[in-house]
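Q: Quick note on numbering: the sequence shown equals residues 120 to 185 in the working numbering.
Hints in this document: simulated from the structure, not taken from any laboratory. A few of these clues could be false.
[As the list claims (entries may be wrong)] Under the rule of at most 30 Å between Cα atoms (straight-line distance), these lysine-lysine pairs were calculated in the DSSO-like manner: (1) Lys133 - Lys183; (2) Lys136 - Lys156; (3) Lys163 - Lys175.
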Amino acid sequence: MISYNPLWKTLIDKGMKKEDLKNATGLSYGTMASMGKNEPVNLKQIDRICKALHCKIEDVIEYKED
Numbered sequence: 120m121i122s123y124n125p126l127w128k129t130l131i132d133k134g135m136k137k138e139d140l141k142n143a144t145g146l147s148y149g150t151m152a153s154m155g156k157n158e159p160v161n162l163k164q165i166d167r168i169c170k171a172l173h174c175k176i177e178d179v180i181e182y183k184e185d
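Turn these sequences into a full structure, and let the hints steer you where they fit.
A: This is how it looks when you write it as structure tokens:
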């Protein structure tokens, strides 16, 4: 299972809110909602997040076995 918990922690560490992330990356509400439900999103979206936050992919997603 994909988890975005590292992303939410990264946002807290950077003093950002989800709305700030949406504005910085141009992500849609649908993509943000999918991430909020730990549903997979396109790697292009992950790339945009990493570029906007100047972070590594492991700061955004993690894989957890069921």
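Q: Which of the listed hints are not met by the structure?
A: none
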